[in-house]
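**Q** So you can see what is in the structure, the chains are spelled out below.
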Amino acid sequence: MNVLLGVGGSDDGLTALDRTIARTVEAGDELTVAVVENPAAELSLEAVRDAVEERLAEAGLDAPVVVLEGHAGSRLVELAEREGFDRIVLGGGETSPLGKVSLGSIAEFVVLNATVSVTLVR
Amino acid sequence: MSGFAYPETVAGPYDPPPYVFEDRKDREIRVERYDADTQFEAVVEMYEAFDPADRAQGIPPVKTEAIRTWLESILDEECVNVLAWDGGEVVGHATLVPDGESAYELAIFVLSDYQDAGIGTGLIEALLGAGRESGLDRVWLTVERWNNPAVALYRKVGFEAGDAGSFELEMTAALTEAGTGSGDSRGE
Numbered sequence: 033m034n035v036l037l038g039v040g041g042s043d044d045g046l047t048a049l050d051r052t053i054a055r056t057v058e059a060g061d062e063l064t065v066a067v068v069e070n071p072a073a074e075l076s077l078e079a080v081r082d083a084v085e086e087r088l089a090e091a092g093l094d095a096p097v098v099v100l101e102g103h104a105g106s107r108l109v110e111l112a113e114r115e116g117f118d119r120i121v122l123g124g125g126e127t128s129p130l131g132k133v134s135l136g137s138i139a140e141f142v143v144l145n146a147t148v149s150v151t152l153v154r
Numbered sequence: 002m003s004g005f006a007y008p009e010t011v012a013g014p015y016d017p018p019p020y021v022f023e024d025r026k027d028r029e030i031r032v033e034r035y036d037a038d039t040q041f042e043a044v045v046e047m048y049e050a051f052d053p054a055d056r057a058q059g060i061p062p063v064k065t066e067a068i069r070t071w072l073e074s075i076l077d078e079e080c081v082n083v084l085a086w087d088g089g090e091v092v093g094h095a096t097l098v099p100d101g102e103s104a105y106e107l108a109i110f111v112l113s114d115y116q117d118a119g120i121g122t123g124l125i126e127a128l129l130g131a132g133r134e135s136g137l138d139r140v141w142l143t144v145e146r147w148n149n150p151a152v153a154l155y156r157k158v159g160f161e162a163g164d165a166g167s168f169e170l171e172m173t174a175a176l177t178e179a180g181t182g183s184g185d186s187r188g189e
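Quick note, the sequences are listed as chains C and L, same order.
With positions in the first sequence counted from 1, the corresponding number in this note's numbering is that position plus 32.
With positions in the second sequence counted from 1, the corresponding number in this note's numbering is that position plus 1.
Derived by calculation from the structure, the hints in this document are not laboratory data.
Please read all numbers here as calculations on a predicted model, not as lab measurements.
Treat the hints with care, since some could be wrong.
What the hints assert, rightly or not - To give an idea of the chain L side of the interface with chain C (calculated C-beta under 7 Å), a few residues:
#1 Gly59
#2 Trp71
#3 Glu106
#4 Thr143
#5 Phe168
#6 Glu169
Stated by the list, open to error - As a list, the in silico SDA-like pairs of lysine to any residue whose alpha-carbon atoms are at most 20 Å apart:
#7 Lys64/L with Thr127/C
#8 Lys157/L with Glu178/L
#9 Lys64/L with Gly131/C
By construction, the Cβ of each residue, glycine as well, lies at the ideal position given by its N, Cα and C atoms.
Isolated chain C (complex conformation) (with noise of 0.2 Å):
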């Protein structure tokens, strides 16, 4: 399987990074890591990217990885359209101090527009 993950910075995203790496290891998997912008999120897209390649490096995977700038949602969907992936992975949300679930952006908008299979991770 082709798989397109997005990550922007947030805890969900750094979690589904690292479940992808092992599920991509194990399955066989081509991935590609698409670094996105998450206005939610603390970190630069530079300290992520380089967090992924560090995490790939130790994972022994030699995958692409790939900055979208602009509006992470439309560009992963956009991305993943063109370029003919099987599914987009991305972090399954957040936890309140509750524990409700909640969607971030980036997932609400690829989860309604996307037109391959798109996996959250929890």
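With chain C fixed as given, assemble chain L onto it according to the hints.
**A** Relative to chain C, chain L alone:
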């Protein structure tokens, strides 16, 4: 939560519990603060009876073990909890949980047999009264935006809606003058 706008007027103000009232099905409902020493198991029983179809945003958990873990965190003494009782049975629960940024997140749960009977209103008013009694200034919640009965209830008791994402509506309420939009509790 920081970044939220809070209303210019105080919600209520509501009296703290206990409340005793008759619901629309003539049941006598008591709303009281939660007593950690004696009532934990009664709350667990309520959530074991909770209809999974009434879950929202991942809570309450379904399995008993997960219910216990979740309740241990939200029934902590730094949270504010009130229970609605029908005789010896807990039929509703409302909670305020600190968000670490000097405001509190609110949630309310009512067993399906006791919904649409006016219990939610009594429960949430008692909770806001208890919160005010405990010195809380600001509360907020998120609600699935298609959940019209819940949104209407929150508006009725003094919440105002903020920015809406696609799926969730954020709502805030002030319990004291200091918690209003023009209050001074924001700049700790």
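**Q** Decide, hint by hint, whether the structure agrees.
**A** Structure-based check of each hint:
1. Gly59: holds (4 Å)
2. Trp71: Where the cut-off is 7 Å and the nearest Cβ of chain C is about 6 Å from Trp71/L, the hint holds.
3. Glu106: holds (5 Å)
4. Thr143: holds (6 Å)
5. Phe168: Interface hint status for Phe168/L: holds (6 Å vs cutoff 7 Å).
6. Glu169: holds (6 Å)
7. Lys64/L with Thr127/C: At roughly 18 Å apart (the allowed maximum being 20 Å), Thr127/C and Lys64/L satisfy the hint.
8. Lys157/L with Glu178/L: Distance ~19 Å between Lys157/L and Glu178/L Cα, so the pair holds.
9. Lys64/L with Gly131/C: Measuring from Cα to Cα gives roughly 15 Å; hence the hint holds.
Every hint, counting from the list given before, is met by this structure.
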